[in-house]
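J.: Here is how the chains run, residue by residue.
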Amino acid sequence: MLIMNNVSRIYRNDTIQTHALRDFSLEVNEGEFVAVTGPSGSGKSTFLNVAGLLDTFDQGEYKLDGISVHGLKDDELSKLRNEKIGFIFQSYNLIPDYSIFDNVDMPLRYRGFSTAERKHRVENALEKVGLASRANYLPSQLSGGQQQRVAIARALAGEPKILLADEPTGNLDSLMARQVMELLHNLNQEGTTIIMVTHDPDQAREVSRNIQIIDGQISDFRIYAPLQTTDKEQSNTKGTTDEHSIEQESVDA
Amino acid sequence: MLRYNLRLALQSFKRAPSLYFLVLITLSVGVGLLSANLALVSAMAGDPIPEKSDQLFHVSMNTWPNDQPQAEPFHILRYREAIKIAESDIPTHSAVFYASGVYARDSKSTSLQRFDSTVRATTPGFFALANAPFAYGSAFAKSSGMEVVIGDELNQKIFAGKNSVGEVLELDGELLTIVGVLKPWFLRPLFYHATEGRAFDLTDDIYAPLETSIDLGWSIHARTSSTVSYKGVKFTRDRNVFYLQAWVELANKSDKKAFQYYLDQYSQSLKTAGEHPLAIRNELRDVNAWLLEQNIVDQKVLAFTLASVLFLCVCVFNASSLLLSRFHSAKFEVGLRRAVGASNKQMLMQGVTESALLGVIAGITSLLLSWFFLKLSTKFLPDLANLAIIEPKILILGMLIALFTAVSSALYPLYRANRYTISAELK
Chain U
68 MLIMNNVSRI YRNDTIQTHA LRDFSLEVNE GEFVAVTGPS GSGKSTFLNV AGLLDTFDQG
128 EYKLDGISVH GLKDDELSKL RNEKIGFIFQ SYNLIPDYSI FDNVDMPLRY RGFSTAERKH
188 RVENALEKVG LASRANYLPS QLSGGQQQRV AIARALAGEP KILLADEPTG NLDSLMARQV
248 MELLHNLNQE GTTIIMVTHD PDQAREVSRN IQIIDGQISD FRIYAPLQTT DKEQSNTKGT
308 TDEHSIEQES VDA
Chain H
2 MLRYNLRLAL QSFKRAPSLY FLVLITLSVG VGLLSANLAL VSAMAGDPIP EKSDQLFHVS
62 MNTWPNDQPQ AEPFHILRYR EAIKIAESDI PTHSAVFYAS GVYARDSKST SLQRFDSTVR
122 ATTPGFFALA NAPFAYGSAF AKSSGMEVVI GDELNQKIFA GKNSVGEVLE LDGELLTIVG
182 VLKPWFLRPL FYHATEGRAF DLTDDIYAPL ETSIDLGWSI HARTSSTVSY KGVKFTRDRN
242 VFYLQAWVEL ANKSDKKAFQ YYLDQYSQSL KTAGEHPLAI RNELRDVNAW LLEQNIVDQK
302 VLAFTLASVL FLCVCVFNAS SLLLSRFHSA KFEVGLRRAV GASNKQMLMQ GVTESALLGV
362 IAGITSLLLS WFFLKLSTKF LPDLANLAII EPKILILGML IALFTAVSSA LYPLYRANRY
422 TISAELK
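First to last, the protein sequences are chains U and H. Numbering of the first sequence is given in the working numbering, commencing with residue 68 and proceeding in unit increments. Numbering of the second sequence is given in the working numbering, commencing with residue 2 and proceeding in unit increments.
Calculated from the structure, these hints are not laboratory results. Just so you know, nobody snuck in bad clues.
DMTMM-like, lysine to aspartate or glutamate: derived pairs with alpha carbons at most 20 Å apart:
| hint | chain 1 | residue 1 | chain 2 | residue 2 |
| --- | --- | --- | --- | --- |
| 1 | H | Lys346 | U | Glu143 |
| 2 | H | Lys346 | U | Glu150 |
| 3 | H | Lys15 | U | Asp169 |
| 4 | U | Lys140 | U | Asp125 |
| 5 | H | Lys332 | U | Asp164 |
Using the sequences and the accompanying hints, generate a full structural model.
T.: Next comes the structure, spelled out in structure tokens:
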């Protein structure tokens, strides 16, 4: 589904050169739920931005659903983003003066669907997140958890191959966070591939695989061990020295 | 997508009404001022009779009986030269005339109210030459006879616009019968009398036969020059009094050449007879060349038009800077739309649609403003009253300028908005 080989992303200004990602390699298979953890400034968001085609990379190779994204034009990248990727942001990023329906409808507008098709998809997506009855509400009329579910519905409406979530529960209280995580787990069980950046060790443990990024690279020292370690995970994490890979028990406080 | 983009544009206007109002006013004032000036320039520089302006020629002759006041062809002629022109069968039509004025009333009216009326004392060829539009009746057939053709405005004043052919007017105490009534007739400029600052006068109220007007002694209301003293127009036929203007319609180049030869031969015969000492220089200028020669486009209006172009540029820069701040504050939405799959091209189209809609609204507002500016300008410059009219072509041009300036104002802000890093705007 997602293959990165030796991807580097360097930010430069007049005086400083920052290696946000260095020789970053990762493979995520279809149906996986991957948690990405790491300290602030380690490169998690850069990874997510590059993976979501929101940012470019300087070196390496990146294939999304079998398509090499290197050298694609803006139109082609936009089409890929629209058709293959769904984004869930920490701050929901809903447009405040659009109704819930219009917010969910937004990505479909750029897909060229008919009005009937768009309506059908929006209603389905809202049904999935349990907000079908709130289609005409404004975001401000919903709770934070509900707003995040709307954002998930927006990400789902285009039936993407992969969901990229950047701290989706970061702005929510624990109860609402739990509801959102349950929703994401349900979607994953239905077959949606999810990559989620999180700071929450419990959430990281709940998913099928977690990786830790430190200084723009995948660290072989993972502070949050998954609840179940699969063989698949072992083979999918590249860029680490396999022979030195150590499965860690949780060492968080 | 266009409908969606229009909806987004309206939504955007609703979000920042004060800012868009400022942009709208800025562009509208700039475009309105330019449109008002263009309306004036267009009326001044327009072709008043495009269907045959290249076939109508003003006649200037160099027959002044001595070497004063100038050795240049003169735009007014003596009666004898004018009649020589009228007698020629080379032109399709010819008109020899002078401007006069009388007080007019319906001879049957019980009211003694008289209307101050402008008169064109002319040969009958004038009507066909100038394509005068008849509502009722027709032109008089001869240069003499107690008949007149009247314009629409006078017909409205005296006969309430009805068919007044056959009615008798009392003109300065003389009774003349109406044989034709013209439709409303606007010539901008008034090419047949573009001299003496009258290029933007209205068409005349009364058209009377030339010989009759002279015989009735209707005075000359235009420039005259003479080498002798005379007691009135009645006594001008055989004297060196220059006051008649002449126009001829020449269908093609060979007719023009033949008529030029005709004039030159006549001048030569006068010179040979010792009646003038000047070189043979008779000039035929078509309508546009003649109007150009008269410098009827006011240089002040031209200068003001140039200033209004520069002012519009300032308005565009201001609008652009306002839109830049607006687009900057909309970075989040641009980033979000790009993240969910909108291409740069689609975002550009959205911005262009928004600015085009703004341009249409600015176009309508600017045309209202330009009407207001024109009305205002006629208050200060009453001479412009007959020119202060927004023609359809100026309406269209104003709309196009508004559209162009609105889109131009948005181009740089759009360029900047599409350069934002998508990920930087989203958290």
